[in-house]
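Protein chains: 2
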Amino acid sequence: MKPTLGGVRHIAVSLLLAFSCSVGAKPADPLPSWQDGAAKQAIIEFVHATTTPTSKQYVPPAERIATFDQDGALWVEQPIYPQLEYCLDRVPAVVRDRPELRDVEPFKTVLSGDRAAIAHLSQDDLVKILEATLTGMPVEQFQSDVRQWLATAKHPRWNRTYVELTYQPMQEVLRYLRANGYKTYIVTGGGQDFVRVYAETVYGIPPEQVVGTAGGTSFGYDQDGKPFLTKEPRLLLNDDKAGKPEGIHLMIGRRPHAAFGNSGGDRQMLEYTSAGAGRRLAMIVLHDDARREYAYGPAQGLPASHVGAFPQAIYDQAIRDGWIVVSMKNDWKRIFAFE
Amino acid sequence: MKPTLGGVRHIAVSLLLAFSCSVGAKPADPLPSWQDGAAKQAIIEFVHATTTPTSKQYVPPAERIATFDQDGALWVEQPIYPQLEYCLDRVPAVVRDRPELRDVEPFKTVLSGDRAAIAHLSQDDLVKILEATLTGMPVEQFQSDVRQWLATAKHPRWNRTYVELTYQPMQEVLRYLRANGYKTYIVTGGGQDFVRVYAETVYGIPPEQVVGTAGGTSFGYDQDGKPFLTKEPRLLLNDDKAGKPEGIHLMIGRRPHAAFGNSGGDRQMLEYTSAGAGRRLAMIVLHDDARREYAYGPAQGLPASHVGAFPQAIYDQAIRDGWIVVSMKNDWKRIFAFE
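From first to last, the protein sequence lines are chains A and B. For the first sequence, the tail end lands on 551 under my numbering, and the numbers increase by one without skipping. For the second sequence, the tail end lands on 551 under my numbering, and the numbers increase by one without skipping.
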């Protein structure tokens, strides 16, 4: 279609208006939930240094990879990992389908609802619960179960769904990096299939950019000859500690330029990121805000925690190696979008 | 900057010119190396149906995933897979580093240079060669070895480097799909780390969009405390046959809307792709052109081949299920860019 002169004039006026509106306006703060301080400045300087074409530390768009731990780095992980809560909540449905498990441990304890007893289940018991609730079903069935749970399950402290408990400052970092050509990835010890269900709507991160602990699937056909995949208990990637850089290599194949974590499980990912040539950014969130969220370490004298432990040695390493420690209490103006 | 009225007029004129130039011009053919025919038409209709917003078969950009086998679908796989040639060529260097292998089979046979004897090595022998040449070294060392080999090794028939032997018609399909918002992936039985070395420059496909047979790596530190990854013989994903949809789930997490293969190893990927809801495209290349490339089946009475076998049963399934069989001889005007 050949545009009329009137059409062209209309385009010109629109352009003029668009230009005029931005004249004199202060550039919008990309990180409004962050206090002005060293952490915020480090993020902004990193983006500026790696995306300004004349910068000596310029990184071509294809190599702009940023990786984020999820539990405790993007959303609340206390008092227990949300995915573990999902698994416990699924036990009644699993036992309905497999009644032979009703009087067998650890399922009996989970069905009793005794939170103190559940909290004392052994690692082996937890593995049995994870296997029974995360494997053995078609991929689509699992995705639909998770979707349903996310829509209804509530966090005991805030009485809000888990997907509402993402950290607003980190959502801003995700968006800011993407607006500057970075591909943002989740690299989580949590289940890859679990996180993929909501990462796109909650974080703007598509399934193919979620790296997590992953089991195998098996390809087969249903009674109508239609192919489908079943989730298997065979572990392919334990995406924690050394498994994080190994998972990054497997799933991304490039070393990140920026990485964000919050616990000892993120140490190797931060080391691997920092060791690359050129400008790199390594950040680690310290949960030191019991009033607005939680306080746990044991770094810096904070209470120890089985969930998301942040040892003093990692804190010391961060200071020594120039990683940025983010204090939730001092660096974040606002923690949740609903505040 | 507030643009002057003159500036706006300039923009308006530029727009007008841009519009005018396209008026009456025939749109460029996106697939010039394809003969006009059913295969070419199927690709163009698929793209039109899935990317036109008013189409009932419209696919949102985030879900536009297309997967391509590599060997025999994107580049020449005869007389032996290029990666296997790489492994054989690497044996002398491996034996230099590990002299104890010199008089041990299968390395002794490979060092003899006797092609007939090499062609008769058993599957177990090949596995030993793959292990010795593809694992045990730091990831960066491997990448650099592959890069060097690709720059110098020549295909015996054309006396050209392997990366020159990609199929021009398929390069056009890759570009055409990407120009229409599709993310293009390689899903290959070949080594993920091997293909990632050249996929970006050769096919425009970045490392994170290469899914292939993958082994584990192990994270460690060098003598200076610098972290690095070593390639391990532990197989994580055998990305062939049923392993292709399993690999797609592991690495992408979405079902492709289009898939391209050329052998029995691609059957499950094509089935999995076709079984999705909405419009899907499944294509399979038949090598029936001994003059310009190779002719092998055994489908349609073509000579049988150990490399990239295309059984008659897959041909029949393609016809029955509406997959498009691409005849290299009849559908491709040109095979290589250098022609």
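It is worth saying that the hints were derived from the structure and are not from the lab. One should not assume that every hint holds.
To be verified - Derived lysine-lysine pairs resembling DSS-like cross-links, with alpha carbons at most 27 Å apart: (1) A/Lys438 to B/Lys268; (2) A/Lys453 to B/Lys340; (3) A/Lys268 to B/Lys453; (4) A/Lys438 to B/Lys438.
As the list claims (entries may be wrong) - So these bits of chain B aren't anywhere near chain A, every CB distance computed over 12 Å: (5) Pro244; (6) Glu257; (7) Gln269; (8) Glu312; (9) Val339; (10) Asp357; (11) Asn371; (12) Tyr397; (13) Asp405; (14) Pro419; (15) Lys438; (16) Ser486; (17) Ala507; (18) Ala521; (19) Ala525; (20) Glu551.
We put the CB at the ideal spot given by N, CA and C, even for glycine.
Output the indices of the hints that this structure fails to meet, ascending. 2, 3, 4, 12, 13, 14, 15, 16
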